[in-house]
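Undergrad: Below are the chains, spelled out letter by letter.
Protein chains: 2
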Amino acid sequence: MTGWLTVVGLGPGAASLITPEVSMALAEATDLVGYGPYVARIPSRVGLTRHASDNRVELQRARQALDMAAAGRRVVVVSSGDPGVFAMASAIFEALEGAPQHHALNVRVLPGITAMLAAAARAGAPLGHDFCAINLSDNLKPWSLVERRLRLAAEADFAMALYNPRSASRPDQFGRALDVLREACDPSRLIVFARAISTADERIETTTLLEARPEMADMRTVVLVGSSLTRRVGRHVYTPRRAV
Amino acid sequence: MTGWLTVVGLGPGAASLITPEVSMALAEATDLVGYGPYVARIPSRVGLTRHASDNRVELQRARQALDMAAAGRRVVVVSSGDPGVFAMASAIFEALEGAPQHHALNVRVLPGITAMLAAAARAGAPLGHDFCAINLSDNLKPWSLVERRLRLAAEADFAMALYNPRSASRPDQFGRALDVLREACDPSRLIVFARAISTADERIETTTLLEARPEMADMRTVVLVGSSLTRRVGRHVYTPRRAV
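Sequences listed follow chains A and B, in order.
Each number in my numbering corresponds to the 1-based position in the first sequence with 424 added.
Each number in my numbering corresponds to the 1-based position in the second sequence with 424 added.
Excised from the complex, chain A in its bound form (with noise of 0.2 Å):
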């Protein structure tokens, strides 16, 4: 049997918003590998093992990952959202680098539906023009680095998808990032607190920058912050294609 690893993105929570590309991955698996909460989503079957682990041991995965490929199995490691999106090709990637006996292995990565772009959805169009996407952690880069980031994304007056914004071992950088964004762009730019969306627990609430608090999110929002041209129509939030 000839092993491979795949990556896929499991979408924001809806099994509906799953590619077909990814179920068929999956029906192919022998072994499951991912996050606790992810690998739960996928229905137990027979021939399919589970490796759940904790958070933040992505590199650990994904070594135990391309070992288990270049023993003959045929692993999925399963992401939320797109693996490429703060999630975990590069950790795959990462680990692959530090094990030049594996790089002939078959390794693909299949895309999925980010948070923003599941979350605009449903706002309207709030990143219908250029904008970015920043990880507010600061796990694994500075928070000066963060703090720059922002500033200069408001100077460009991109639209910008947030990540991560707040956990219970970063209660304040939330309030930092608002006070940073404070700064630079006008009190009544839009910003959208995006939960859980296509899940249960979806919600979504749409308020100004001057009325944000750092209580609007927790670990399960995106935040998306309009551009200076971001308004609203009716009950939907857009950004217009039109920049003059």
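Among these hints, one or two may not hold up.
All copies of an identical chain are treated as equivalent in the list; a pair is satisfied when it fits inside any one copy or across any two copies.
Unchecked claim - Only pairs whose alpha carbons sit at most 25 Å apart, straight line, appear in this in silico DMTMM-like list of lysine to aspartate or glutamate:
id: 1; residue 1: Lys565; residue 2: Asp610
id: 2; residue 1: Lys565; residue 2: Asp642
id: 3; residue 1: Lys565; residue 2: Glu579
id: 4; residue 1: Lys565; residue 2: Glu452
id: 5; residue 1: Lys565; residue 2: Asp478
id: 6; residue 1: Lys565; residue 2: Asp581
id: 7; residue 1: Lys565; residue 2: Asp625
id: 8; residue 1: Lys565; residue 2: Asp491
id: 9; residue 1: Lys565; residue 2: Asp603
Read the hints as simulated data drawn from the structure, not as lab findings.
With chain A held as given, fit chain B onto it using these hints.
TA: Frame of chain A, contents of chain B only:
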């Protein structure tokens, strides 16, 4: 019959990248509206009327779709990729803004796999850290704004996805964009040219800023520019999660 309008993303090309949610909306539609080549991707069936139009008539197409939904039709507007990323969703809300009589209509957006995520997955994980998406077309914004955003994105050390890099009517601007990047980035900066990903015409090429030539891109290409940390491992390109 209660009409509705749903804007859907068909992904980059392959049917296996269309979400089940979008397939369900297509199955319920009475009318299909969009740019000819995208409408042509959906099989004909009894009860489905096709309204294919030229490129660059987005607003007119959007108004037509709203009017049909208001008249009780079940209208699906098709975009390539994700409808909220340089596609039809913003045009729909722009048309809605000018038509207050339609504000109570049931208008929804269903996300899709946008070109940059399909391209990134094929290449490895070049967007695995903070990144931005910039539309290089100056049809709806001044070219000076494109250059300014490229400079600020380089200063922020974002990875970048460049949409619509080059077309018959804009043959020279992508070369100017590369010049802007050359002023700001090291010549060894990795660049991925991803053309028509997931179709029969798929072609992917990784090179450096030094070796990049405007002719490597056309209107079916999305260009991914790495951050300063983006590197190769085996035949893959990835951006590490850690930035220190």
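Undergrad: If you check each hint against the structure, which ones fail?
TA: 4, 7 and 8
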